[in-house]
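J.: Residue strings, one per chain:
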Amino acid sequence: MSESLIAVPLYRAAHGRTGDKGNRSNISVIAWHADLYPLLLAQVTEAVVAQRFANRRPARVQRFELPGLAALNFVLDEVLDGGVNDALNLDTHGKALSFWLLDLPIEIPATLASLLAGPALTGGD
Amino acid sequence: MTESTSSPLLIGCAAGFSGDRVDAAGPVVDTLIARGGPAFLIFETLAERTLALAQLRRRVDPQAGFEPLLDDLLRPVLARCLAHNIRIVSNFGAANPLAAARHIQAMAAGMGLPAPRIAVVAGDDLSGPQHEALLREQLGDAMDSIRKVSANAYIGAEAIAAALDAGAQIVVAGRVADPSLTVGPAMSHFGWRADDWDRLARATMAGHLLECGAQVCGGYFADPGYKDVPDLHAVGYPIAEISSDGHCIIGKAAHTGGVVSLAGVKEQLLYEVHDPAAYLTPDVVADISAARLTVLGPDQVALTGVRGHARPASLKVNVCHESGWLAEGEISYAGPRAEARARLAADVLRRRLPDLALRVDLIGVQSVMGDDAGRLLEATPAGDATDVRLRVAATHTDRAQAERLPREVTALYCCGPAGGGGVRTTLTPRLGTLSCLVPRGAVPLRFDMLDHLPEAA
Chain A
1 MSESLIAVPL
11 YRAAHGRTGD
21 KGNRSNISVI
31 AWHADLYPLL
41 LAQVTEAVVA
51 QRFANRRPAR
61 VQRFELPGLA
71 ALNFVLDEVL
81 DGGVNDALNL
91 DTHGKALSFW
101 LLDLPIEIPA
111 TLASLLAGPA
121 LTGGD
Chain B
1001 MTESTSSPLL
1011 IGCAAGFSGD
1021 RVDAAGPVVD
1031 TLIARGGPAF
1041 LIFETLAERT
1051 LALAQLRRRV
1061 DPQAGFEPLL
1071 DDLLRPVLAR
1081 CLAHNIRIVS
1091 NFGAANPLAA
1101 ARHIQAMAAG
1111 MGLPAPRIAV
1121 VAGDDLSGPQ
1131 HEALLREQLG
1141 DAMDSIRKVS
1151 ANAYIGAEAI
1161 AAALDAGAQI
1171 VVAGRVADPS
1181 LTVGPAMSHF
1191 GWRADDWDRL
1201 ARATMAGHLL
1211 ECGAQVCGGY
1221 FADPGYKDVP
1231 DLHAVGYPIA
1241 EISSDGHCII
1251 GKAAHTGGVV
1261 SLAGVKEQLL
1271 YEVHDPAAYL
1281 TPDVVADISA
1291 ARLTVLGPDQ
1301 VALTGVRGHA
1311 RPASLKVNVC
1321 HESGWLAEGE
1331 ISYAGPRAEA
1341 RARLAADVLR
1351 RRLPDLALRV
1361 DLIGVQSVMG
1371 DDAGRLLEAT
1381 PAGDATDVRL
1391 RVAATHTDRA
1401 QAERLPREVT
1411 ALYCCGPAGG
1421 GGVRTTLTPR
1431 LGTLSCLVPR
1441 GAVPLRFDML
1451 DHLPEAA
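Read top to bottom, the protein sequences are chains A and B.
Per my numbering, the first sequence starts with residue 1, numbered consecutively.
Per my numbering, the second sequence starts with residue 1001, numbered consecutively.
The hints are simulated quantities; they were obtained by calculation from the structure and are not laboratory data.
Keep in mind that a hint or two might mislead.
Over 10 angstroms on every C-beta distance to chain A, these chain B residues come out as not near it, computed from the model [unchecked claim]: (1) 1132; (2) 1225; (3) 1361.
The calculated lysine-lysine pairs, modelled on BS3-like cross-linking and capped at a C-alpha distance of 25 angstroms, are [to be verified]: (4) 1316(B) x 95(A); (5) 95(A) x 1227(B); (6) 21(A) x 1316(B); (7) 21(A) x 1148(B); (8) 1148(B) x 1316(B); (9) 95(A) x 21(A).
C-beta: ideal position from N, C-alpha, C; glycine also.
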């Protein structure tokens, strides 16, 4: 049973929020259930997040773990084109970035499907 | 110590930024009165840019430079706060706390209220010539090439606590760190020392949860089908119940919309946090790496497990300076081949303005996710979107050069692709920020009771 994996977007397993300070963005990725947290640890790595934001050319991506909250905190350096004062983006704060990360594809064991947020999965998964 | 110093303290927050809702405070104050006991109301109204904008207003009018909505924020609740001994602490003094205090004094008099004891916190403003050498020590030659607008140190809770100890009913500050608006009242109420790191750290995180107003009550959270929030249109503002160990229970104003949920409080706890083991403020280094959140009941979430370490030796200073002009222009295309026409219009602008580094957004296709250099847009194959708004932006230090962009966007009406409509253009002065650290001792802080200050010249 546990070998059977299903592909879902990260937002089914986690939620999050973006914050900014200067040219640095932080994005929280918080498991909807503690049993989903190990999957985040394994699959939402610094390298994966750096790749997700490759067009922003992050100078550094750091991941901090908060097991008591079943949450990860990502800090992305130099991804805001200078930040609130300097960026030409309409969203100078980068507030929308969390939802870009939450669309990341991940795989979860089918046995954990009942812990996902959103509509129930269909199609026999 | 009186008995009240060990009883829990209620702190309500009625604003999370300059321009926040002015009808937020009423339900918060109603709830503080109904719950009884010692209580404070805070308004957090400063962001990185807000102070520079306030300083620019003060240049024009020496009596201006405080929160423009001060009157609208405070007037609806001032009488009830004074009548029920709910003390008010805020950074709404911005670039001119003294003028804000005088304004409140006049407001109270005009409302026929007994004169409140108002304290003014000073010392954060380093924009004067006497501080030039200090800033130059840290920023060096960078100071020569900028036109400075403002310079403020992020100061902590001590002056606020001292002002409250001295009997202030209203404390008006400028650039205090956001969480310090909560730490100050807690220090004063519980009689904590300024090196009681664990307690200060816990109150700091309570302040952190409060400082963005509705963001911990279901604001900035709703995502239909995933994170549903009841009555978001009437979202309530938060109230923290702080205990004598500094930990807090987050709740919200009664009879309001929104929700204080585990998920929402987690998001806000990590908002604008970098290393969770070292959240730096002027008061303390807070460590939330082992923090826990527990639901105690409807709209009641408790925070525990926060630890503190000795505060940083230096204070952060932001120096804001004029940095040229931001030019923006937009035009819409709709119907068949709308995206192709919008892309052609962008191409026209690039060729007409080859020396400006243009950012291009195709709103409806790709905009905020893109980078200023256009790498993501370049990697996005042209599609056939049928309702597209082209937006371009560029900056220039010279206003005349920047103005070429809005003119060229406007010219697309007659000279651009077919069917372009709805041109809007803006030209905005820009502010840049330099940050540095200065030794704590170089920033002498104080508070003054307004009664003891000389009248305005």
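J.: Could you run down the list of hints and mark each one as holding or not?
T.: Hint check:
1. The beta carbon of residue 1132(B) is kept farther than 10 angstroms from every beta carbon of chain A, the shortest such distance being approximately 22 angstroms.
2. The claim that residue 1225(B) is not at the interface with chain A is violated, since a C-beta of that chain comes within 10 angstroms of its own (minimum 6 angstroms).
3. Not every CB of chain A is more than 10 angstroms from the CB of residue 1361(B) (nearest about 7 angstroms), against its label as outside the interface.
4. For a cut-off of 25 angstroms, the pair hint linking residue 1316(B) to residue 95(A) stands: about 24 angstroms separates their Cα positions.
5. Of the pairs offered as hints, the one joining residue 95(A) and residue 1227(B) holds, with about 17 angstroms between alpha carbons and a cut-off of 25 angstroms not exceeded.
6. Only pairs whose Cα atoms come within 25 angstroms are accepted, and residue 21(A) paired with residue 1316(B) is accepted, the gap being roughly 13 angstroms.
7. Only pairs whose Cα atoms come within 25 angstroms are accepted, and residue 21(A) paired with residue 1148(B) is accepted, the gap being roughly 21 angstroms.
8. For the proposed pair residue 1148(B) and residue 1316(B), the alpha carbon gap of about 17 angstroms is at most 25 angstroms, so the pair holds.
9. For the proposed pair residue 95(A) and residue 21(A), the alpha carbon gap of about 11 angstroms is at most 25 angstroms, so the pair holds.
Going down the numbered hints, you'll see the structure goes against 2, 3, while the others check out.
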